[in-house]
Amino acid sequence: MAAAATCGAGVLSSGCVASTAGRSSTTSFQRRSKASGADGGGPRLLSIAGTRPSVRNGQLLVSTGLPALDQLLGGGLAVGTVLLIEEDKYSIYSPLLFKYFLAEGIVNGHTLLVASAKEKPADILQELPAPLLDDNGKKELEDVHNSKTPESDVNMKIAWRYQLQPKMQVGPVSSSRFGHYYDVSKRIPQELLGSSKWHGFFLPEHITSDLKGEPCSLSGDYMKLLQFIQNIIYTEGFDGSNPQKKQKNILRIGIQNFGSPFWGDDICCTENSDNSHRLTKFFYVLRGLLRTSLSACIITMPTHLIQNKAITARVRNLSDTVVGLESFIGSEKETNSLYKDYHGLIHIRKIPRLNNLTCDESDVKDLAFKLKRKLFTIEFLTEAAAH
Amino acid sequence: MFPELNNLLGTTPDGTEQGKLTLLCDAKTDGSFLVHHFLSFYLKANCKVCFVALVQSFSHYNIVAQKLGVSLTAAREQGQLVFLEGLKSSVDIFFHAQEEPHPLQFLREASAGNLQSLYQFVRDSLKPVDSGETPWKFPVLLVDNLSVLLSLGLEAVAVLDFMQYCRATVCCELKGNVVALVHDNRDAEDKENGILLNGLSHQSHLVLRAEGLATGFCKDVHGQKSVPIPYDTFA
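Those protein sequence lines, which keep their order, are chains A and B. What the first sequence shows, in my numbering, is residues 1 to 387, in sequence order. What the second sequence shows, in my numbering, is residues 1 to 235, in sequence order.
Extracted from the complex, chain A is given alone in its bound form (with noise of 0.2 Å):
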């Protein structure tokens, strides 16, 4: 692909990107291969809707689903990577997150992937916050929609001989927007749910009887989700192996409350858990699934209740980007003047940093979010937080 030409020995500055992609005769905003597509991302440039390359390092993102959250991340949520949510005390606030992921992929026409072991997968969708569309945003909605197959057969009287060329993807994708807001006091419309293609994975349907030592180490449950999960990549595509299908779309994998005693695991329950390295390994291998296939996903999980806080280490270790919700009810910070205007702390523990030596982190390090009647909103504190 691009020539090994030395970029000057030392020399990081950001220049240096814009000289690497420049070689291989297309602009800087081409995706670098982080999927494993059949010859490793050529120079093709490549445009699915909802996504965008990063102004860094042209790493492709997608959109969490919250403009302020994409912000904060460094442009959105890079695609092949883990964002991990730590949920707040009472989990009332990183539901909302998790909705608006899956919310915002059905507004761009992905996939959805929706797992859970508490609420079924259908029930979750149902509950998601409505689109604030204005009239382009509509009409675009629709288009994404409505138009998934090209017409194929319109018969060209002139330019008889271009009806033989295949079908490409011409100009910009449909949905030219990046990052949508929601109306959280209002339900998706049934049309665009029901437009859109999502596969659910909930627990209960899919737990058999037999409790031998499975061939695969894995605690039968988290085992049971990884099949579905690469197995939907594999036979739709995701990981580029059906060369066939000319539409490249983003899968978006949303994991519920993973770890929890919902899932059939003690890590919560207990500190000394013989199982732990069952939920680290979920981890690891979810990661190298996403590494080879155009998908993004996104698990919330009770990190509050892990007893062993080594096990709290070793997930954030194997996510790739970790933001941590602190909820003020209950807690004494719910009285504090400070704190008076809204409901929580967003700490944004960590960013990846891929293909890339740094990250864009941001400078103030003081989050807060609270929850308005139709809007989430993430603002800096106006002083340094207590602590």
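Simulated coverage check for chain A against chain B, where a stretch passes if three residues somewhere in it have a Cβ under 8 Å from a Cβ of chain B:
#1 223–233
#2 272–283
#3 288–301
#4 310–321
#5 346–357
EDC-like, lysine to aspartate or glutamate: derived pairs with alpha carbons at most 16 Å apart:
#6 A/Lys-89 with A/Glu-334
#7 A/Lys-186 with A/Asp-123
#8 A/Lys-350 with A/Asp-70
#9 A/Lys-374 with A/Glu-127
#10 B/Lys-191 with A/Asp-274
#11 B/Lys-20 with B/Glu-173
#12 A/Lys-309 with B/Glu-192
#13 B/Lys-28 with B/Glu-189
#14 B/Lys-137 with B/Asp-14
#15 A/Lys-309 with A/Glu-271
#16 A/Lys-309 with A/Asp-274
#17 A/Lys-309 with B/Glu-189
#18 A/Lys-350 with B/Glu-211
#19 A/Lys-350 with B/Asp-30
#20 A/Lys-333 with A/Asp-366
#21 A/Lys-372 with A/Asp-341
#22 B/Lys-191 with B/Glu-155
#23 B/Lys-191 with A/Glu-271
#24 A/Lys-118 with A/Glu-205
#25 B/Lys-44 with B/Glu-17
#26 A/Lys-309 with B/Asp-187
Between beta-carbon pairs, the in silico distance windows are:
#27 A/Gln-126 with B/Pro-3: 56 to 64 Å
#28 B/Gln-164 with A/Gln-126: 51 to 59 Å
#29 A/His-347 with B/Thr-134: 46 to 54 Å
#30 B/Pro-101 with A/Ser-331: 47 to 55 Å
#31 A/Arg-349 with B/His-202: 28 to 36 Å
#32 B/Leu-8 with A/His-347: 27 to 35 Å
#33 B/Pro-101 with A/Asp-366: 46 to 54 Å
#34 A/Gln-247 with B/Gln-18: 53 to 61 Å
#35 B/Gln-116 with A/Ile-92: 46 to 54 Å
#36 A/Glu-334 with B/Ser-201: 39 to 47 Å
#37 B/Lys-127 with A/Ala-122: 53 to 61 Å
These aren't lab readings, by the way, just hints derived from the structure by calculation. No residue lacks a Cβ here, since even glycine has one placed at the ideal position from N, Cα and C.
Put chain B on the given structure of chain A with help from the hints.
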């Protein structure tokens, strides 16, 4: 590679010590820049490198290495670099039937395994062929990172055994170097990781430690030089 780091360590690609174990350690920050540094350093020094890359994909390391002036693809084609991509291998092991033993065999086992197959892979990659003539200066083993092995079900003792075997082969027998990254999860009371870190710190010739600060990171150097020098972010 970073010239400042080379100056600090007193090394150049042309003249560097052999038979040493270097431990890279990061606390509250990302120490992977040290891995990138040593990877490009040893490739430029014309050494044969076996890179056990467990946490990122090949293209990630390749893109960063190109910014530092080496091409991993070219090195791999010429036989200078042996690259074990852990993420891709784990997917293969889990979802596709494997006949022959794989270096990451332990992923398939239910109970705590050992890293024997991985050690054999390292040994086979770095041992010179029978003719004895090799265009490379000396072999280097680079591991990114060892802490993830604990997350995959291995015990600290198994990882320490693996490092001991590698040191015996690569450092003592083949007069090469070993560089490994370990996270420091001291705040999280990760006992297994602590055992691993302490054990390796004692065995290493040089320990490079990157610590997170509010405004950037600083780096302490232990071993030959005991003067901690704060650094700003490198890029």
